[in-house]
Amino acid sequence: MTEMSGADMVVQALVDLGVDTVFGYPGGAVLPIYDTLFKHPTIKHILVRHEQAATHAAEGYARSTGKPGVVLVTSGPGATNAVTGITDALLDSIPMVVLTGQVPTTLIGTDAFQECDTVGITRHCTKHNYLVMDPDRLGPILHEAFYIATHGRPGPVVIDIPKNVQVATGTYSIPNRIDHKSYRPQVDPDADAIAAAVAMIAASERPIFYTGGGVINAGPDASAALRQLVALTGAPVTSTLMGLGAFPADDDKWLGMLGMHGTYEANMAMNRADLIIAVGARFDDRVTGRLDAFSPNSKKIHIDIDRSSINKIVPVDLAVVGDAGRALDALIAAWADKGHKARDLGEWWRRIDGWRATRCLDFPEKKEDGAEIMPQRAVKALFDATRGMDPIITTEVGQHQMWAAQHFHFDSPNRWLTSGGLGTMGYGFPAAVGAQIAHPDRLVICIAGEASLQMNIQEMGTVAQYRLPVKIFILNNQWMGMVRQWQELTYESRYSNSYSDSLPDFVKLADAYGWTGLRIDTLGELADGIQTMINTPGPVIVDCRVAQLANCFPMIPSGAAHTDMILQPNDIVGTMDDEAKALV
Amino acid sequence: MKIRTEAGERHVLAVTVDNEAGILAKITGLFSARGYNIESLTVADISADHALSRITIVTSGPPAVIDQIIAQLDRLVPVHSVTDLADGGAHVEREIALVKVAGSGDKRIEALRMADVFRAKVVDTTLSSFIFEITGTSDKVDRFIALMRECGLVEVGRTGVVAIARGSEAL
Numbered sequence: 050m051t052e053m054s055g056a057d058m059v060v061q062a063l064v065d066l067g068v069d070t071v072f073g074y075p076g077g078a079v080l081p082i083y084d085t086l087f088k089h090p091t092i093k094h095i096l097v098r099h100e101q102a103a104t105h106a107a108e109g110y111a112r113s114t115g116k117p118g119v120v121l122v123t124s125g126p127g128a129t130n131a132v133t134g135i136t137d138a139l140l141d142s143i144p145m146v147v148l149t150g151q152v153p154t155t156l157i158g159t160d161a162f163q164e165c166d167t168v169g170i171t172r173h174c175t176k177h178n179y180l181v182m183d184p185d186r187l188g189p190i191l192h193e194a195f196y197i198a199t200h201g202r203p204g205p206v207v208i209d210i211p212k213n214v215q216v217a218t219g220t221y222s223i224p225n226r227i228d229h230k231s232y233r234p235q236v237d238p239d240a241d242a243i244a245a246a247v248a249m250i251a252a253s254e255r256p257i258f259y260t261g262g263g264v265i266n267a268g269p270d271a272s273a274a275l276r277q278l279v280a281l282t283g284a285p286v287t288s289t290l291m292g293l294g295a296f297p298a299d300d301d302k303w304l305g306m307l308g309m310h311g312t313y314e315a316n317m318a319m320n321r322a323d324l325i326i327a328v329g330a331r332f333d334d335r336v337t338g339r340l341d342a343f344s345p346n347s348k349k350i351h352i353d354i355d356r357s358s359i360n361k362i363v364p365v366d367l368a369v370v371g372d373a374g375r376a377l378d379a380l381i382a383a384w385a386d387k388g389h390k391a392r393d394l395g396e397w398w399r400r401i402d403g404w405r406a407t408r409c410l411d412f413p414e415k416k417e418d419g420a421e422i423m424p425q426r427a428v429k430a431l432f433d434a435t436r437g438m439d440p441i442i443t444t445e446v447g448q449h450q451m452w453a454a455q456h457f458h459f460d461s462p463n464r465w466l467t468s469g470g471l472g473t474m475g476y477g478f479p480a481a482v483g484a485q486i487a488h489p490d491r492l493v494i495c496i497a498g499e500a501s502l503q504m505n506i507q508e509m510g511t512v513a514q515y516r517l518p519v520k521i522f523i524l525n526n527q528w529m530g531m532v533r534q535w536q537e538l539t540y541e542s543r544y545s546n547s548y549s550d551s552l553p554d555f556v557k558l559a560d561a562y563g564w565t566g567l568r569i570d571t572l573g574e575l576a577d578g579i580q581t582m583i584n585t586p587g588p589v590i591v592d593c594r595v596a597q598l599a600n601c602f603p604m605i606p607s608g609a610a611h612t613d614m615i616l617q618p619n620d621i622v623g624t625m626d627d628e629a630k631a632l633v
Numbered sequence: 064m065k066i067r068t069e070a071g072e073r074h075v076l077a078v079t080v081d082n083e084a085g086i087l088a089k090i091t092g093l094f095s096a097r098g099y100n101i102e103s104l105t106v107a108d109i110s111a112d113h114a115l116s117r118i119t120i121v122t123s124g125p126p127a128v129i130d131q132i133i134a135q136l137d138r139l140v141p142v143h144s145v146t147d148l149a150d151g152g153a154h155v156e157r158e159i160a161l162v163k164v165a166g167s168g169d170k171r172i173e174a175l176r177m178a179d180v181f182r183a184k185v186v187d188t189t190l191s192s193f194i195f196e197i198t199g200t201s202d203k204v205d206r207f208i209a210l211m212r213e214c215g216l217v218e219v220g221r222t223g224v225v226a227i228a229r230g231s232e233a234l
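Same order as they appear, the protein sequences are chains A and B.
Reading the first sequence from the start, the letters are residues 50 to 633 in the working numbering.
Reading the second sequence from the start, the letters are residues 64 to 234 in the working numbering.
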């Protein structure tokens with residue numbers, strides 16, 4: 050119990066909570082906190098160039114470390130600029146605490162300079178939020194906010210702090226133990242449900258594990274448990290975009306990602322399975338395709354820490370509410386307890402191998418040195434060149450993101466950072482900044498599209514300031530490729546506003562910021578260009594020119610079933626009915 | 064293309080929440096953001112230390128939607144409990160309305176006579192008007208108001224539904 054200013058309490062609480070890094074941008078309403086942070090001995094403040102980037106950087110930090118990301122921004126535009134990243138963290142369940150300055154309590158509600166109703170605006174895009182009206186509440190609220198951001202299903206928490214609360218003095222107190230009066234997420238799964246799940250798995254002839262970001266959020270032990278359970282049962286594994294890395298891609302049980310741009314074998318196996326074991330995944334519309342045709346003949350077990358995810362979209366036969374890692378551990382224990390042995394799934398695997406034989410990720414390409422580069426080839430070359438270097442990969446949003454998900458493979462969790470739920474263009478580059486801050490010696494690569502990258506390209510300044518060796522690898526096809534692809538499929542190739550006109554010269558831009566810039570034009574230059582990028586110290590931007598009109602396949606068109614995948618460009622129809630057009 | 068909507072049955076939810084700023088906005092925002100119906104919503108402080116409020120929500124939807132509403136409410140940080148009163152067996156529902164009727168002569172007499180039948184109380188009167196207070200289920204209040212329309216109804220104020228489960232158990 051010490052008397053100190055509100056600003057000092059905020060920083061003291063961050064220290065007590067083990068925070069080492071804050072991503073932020075100063076402004077009038079947070080100056081007291083910035084003054085406390087001035088030359089702070091342990092907390093490193095990373096000055097971004099736009100508040101949205103601070104939130105994505107915090108997400109990148111969180112996703113790559115498992116620790117909550119922390120953001121500090123000012124009132125009004127500082128807070129509203131942060132909203133996209135806060136929403137992104139909500140949809141992808143990323144633990145984050147955002148501190149926003151607010152006008153003094155005496156001016157709240159008067160339309161004061163740089164005033165906005167931050168708690169009102171963020172009420173529905175946060176897991177929880179607070180407006181602190183009394184400095185004595187700062188300690189308890191900060192500690193509670195970190196608890197809420199990191200417990201149960203993780204998510205963003207906003208703490209709005211009026212300027213006079215930062216200046217006023219009060220008593221800093223730490224709650225002895227966070228025993229929240231109402232928020233008590235269930236982390237331990239129900240034993241009966243686990244027993245029922247094990248019985249269902251043991252009886253299944255065509256089981257499949259469908260895993261998601263919840264396994265990553267449950268920590269590396271959960272990924273290890275998943276591998277163990279898969280080995281025990283012999284069942285195939287597919288994963289959502291958010292779950293990539295939880296299961297090693299070089300394992301023969303791995304079917305690749307499922308869903309709209311998932312593999313043929315993953316989607317067909319989901320469709321034909323007699324048992325789906327969903328772990329930390331939420332049956333998102335990108336995953337299910339047409340709902341009435343989604344895995345029609347399977348029983349479904351759904352393991353999730355958020356009860357509201359269960360039966361939200363797909364009715365399931367068995368719900369297991371709890372932490373993915375603890376549930377997987379419990380399943381392993383119960384499997385051993387009952388003395389189950391892996392069933393002979395040979396017939397199931399023969400069918401899966403048949404689907405694998407379509408080689409759905411193959412793509413047509415010319416092989417000569419002067420040929421244009423297929424974007425898939427560029428991703429594969431990047432993957433081959435960085436094997437064994439354990440890189441952290443971030444992406445922007447669009448075709449390049451899906452190609453990266455299909456062709457870049459991960460063996461461990463926390464290496465793949467992408468905006469799944471919100472699909473935020475502009476996410477990948479600042480997320481790479483956050484990941485690089487957390488892992489200064491690791492190779493961090495943002496696989497970008499030329500359109501998405503420009504949404505937060507100002508962060509080149511942040512990278513230059515902190516001398517971060519971030520690599521940006523642009524698959525530059527001069528189109529908002531995914532928009533163009535949908536226009537081709539759905540609107541008879543009427544390319545309304547999807548051309549990336551007036552692009553900057555990325556090499557010159559690199560030069561302007563003190564980065565290294567490289568351009569790759571032909572297939573013959575690809576391998577060397579990538580090597581140069583890896584070997585060049587400091588930040589590098591690679592403008593890799595790729596085939597402009599390549600489309601991302603396989604693809605389940607909107608409103609279609611898993612069994613109606615488009616595998617090749619000539620399967621394209623070019624029109625859709627209104628029901629399908631209305632889906633995104 | 065037609066936009067489909069699903070019909071459903073009526074449920075009364077009792078939600079206990081922290082009595083703090085913004086909680087009502089959080090709850091109503093959840094309903095509007097996710098497209099759930101609110102037919103009636105009442106809220107008041109119910110604890111001796113003013114720490115807790117009880118919100119009674121009348122909503123409707125198919126069983127799966129009602130289940131989602133309960134799960135979505137339950138995961139909000141300031142929510143302590145959510146109870147579907149239809150689940151727990153019988154419950155009692157009440158609503159209060161204040162009904163102002165103006166007129167003279169036969170209509171005035173008829174209004175007073177019907178109020179007596181409905182056990183509505185006269186809480187204010189002038190030479191040309193009454194204000195009735197009626198307590199009962201929403202159906203009963205509806206029926207009374209419908210009759211008063213024929214007798215010079217000029218204004219209605221309703222509280223919305225409060226409800227509580229029968230028996231000796233608390234939520």
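Keep in mind the hints are simulated off the structure, nothing from the lab.
Ideal Cβ positions, reconstructed from N, Cα and C, are used throughout, including at glycine.
Check the hints yourself; a few may be wrong.
As the list claims (entries may be wrong) - Lysine-lysine pairs mimicking BS3-like chemistry, simulated, CA-CA at most 25 angstroms apart:
#1 B:K163 / B:K203
#2 B:K163 / A:K630
#3 A:K230 / B:K89
Unchecked claim - Residues of chain A clear of chain B, computed beta-carbon distances all greater than 10 angstroms:
#4 L80
#5 L156
#6 R335
#7 A382
#8 K429
#9 I615
Checked hints:
Distance check on the hinted pair: K163 of chain B and K203 of chain B sit about 17 angstroms apart at the alpha-carbon level, within 25 angstroms; holds. This hinted pair does not check out: K163 of chain B and K630 of chain A have alpha carbons roughly 52 angstroms apart, beyond 25 angstroms. Under the criterion of a C-alpha separation no larger than 25 angstroms, the hint pairing K230 of chain A with K89 of chain B is consistent with the structure, at around 18 angstroms. Distance check on L80 of chain A: its Cβ is at least 26 angstroms (rounded) from any Cβ of chain B, clearing the 10 angstroms threshold; non-interface status holds.
Every Cβ of chain B is farther than 10 angstroms from the Cβ of L156 of chain A; the closest lies at roughly 17 angstroms, confirming the non-interface assignment. Every Cβ of chain B is farther than 10 angstroms from the Cβ of R335 of chain A; the closest lies at roughly 19 angstroms, confirming the non-interface assignment. Consistency note on A382 of chain A: stated as away from chain B, and its beta-carbon is indeed over 10 angstroms from all of that chain's, at 28 angstroms minimum. Distance check for K429 of chain A against chain B: the nearest CB is about 41 angstroms away, which clears 10 angstroms, and the non-interface claim stands.
Here I615 of chain A stays apart from chain B, with its beta-carbon at least about 23 angstroms from theirs, past the 10 angstroms limit.
The structure does not agree with numbered hint 2 stated previously, though it agrees with all others.
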